[in-house]
Amino acid sequence: MLQEIACSSCGETEELSGERIAGAISMRCNACGERWERDLTPACRLCGSKDLVAVPHAMVEKSRGTQLSVVGTRIINLCSTCEADSIEQWQRNRPNPLMPRVLPTVGDVDDVLSE
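According to this note's numbering, the sequence shown is numbered sequentially starting from 257.
Hints were generated in silico from the structure; no laboratory data involved.
Bear in mind the structure is a predicted one, so any value in this text is a computation, not a measurement.
It is possible that some hints are incorrect.
Unchecked claim - Listed next, with one range per pair, are the computed distances between beta-carbon atoms:
1) Cys338 - Leu296: 16 to 24 Å
2) Lys318 - Asp295: 19 to 27 Å
3) Thr269 - Asn349: 33 to 41 Å
4) Thr297 - Pro351: 24 to 32 Å
5) Ile281 - Leu324: 31 to 39 Å
6) Leu302 - Pro360: 22 to 30 Å
7) Ile331 - Pro360: 19 to 27 Å
8) Asn333 - Thr361: 26 to 34 Å
Even glycine gets a Cβ: it sits at the ideal position worked out from N, Cα and C.
All chains, please: the whole structure from these sequences, using the hints.
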């Protein structure tokens with residue numbers, strides 16, 4: 257999941273700029289002028305924990321008829337507290353990647369991530 261970045265002073269989400277410096281990004285809000293450092297260490301979007309587990313996640317597409325095909329995998333970070341059920345499901349089915357909770361049906365084009 258992508259992390260929503262917003263200015264802590266004014267809440268602006270669009271008029272932001274940043275520059276990568278070592279292990280962080282120096283952020284600036286172009287709306288109010290506020291400056292802050294954004295840590296690049298992944299954290300849970302719900303609880304803020306940095307205790308994450310890197311898990312392979314399947315990218316699934318509809319192929320023929322009702323057949324679904326895994327067309328690739330990508331690594332996602334799951335929180336060991338908030339997403340313990342997904343981590344447990346992946347561990348039970350290893351070495352297979354974690355499947356999406358919502359699978360594509362007729363008309364769906366995008367892969368839906370586990371949430």
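Evaluation of the provided hints:
no.	hint	in the structure
1	Cys338 - Leu296: 16 to 24 Å	holds (20 Å)
2	Lys318 - Asp295: 19 to 27 Å	violated (39 Å)
3	Thr269 - Asn349: 33 to 41 Å	holds (37 Å)
4	Thr297 - Pro351: 24 to 32 Å	holds (27 Å)
5	Ile281 - Leu324: 31 to 39 Å	holds (38 Å)
6	Leu302 - Pro360: 22 to 30 Å	holds (25 Å)
7	Ile331 - Pro360: 19 to 27 Å	holds (21 Å)
8	Asn333 - Thr361: 26 to 34 Å	holds (27 Å)
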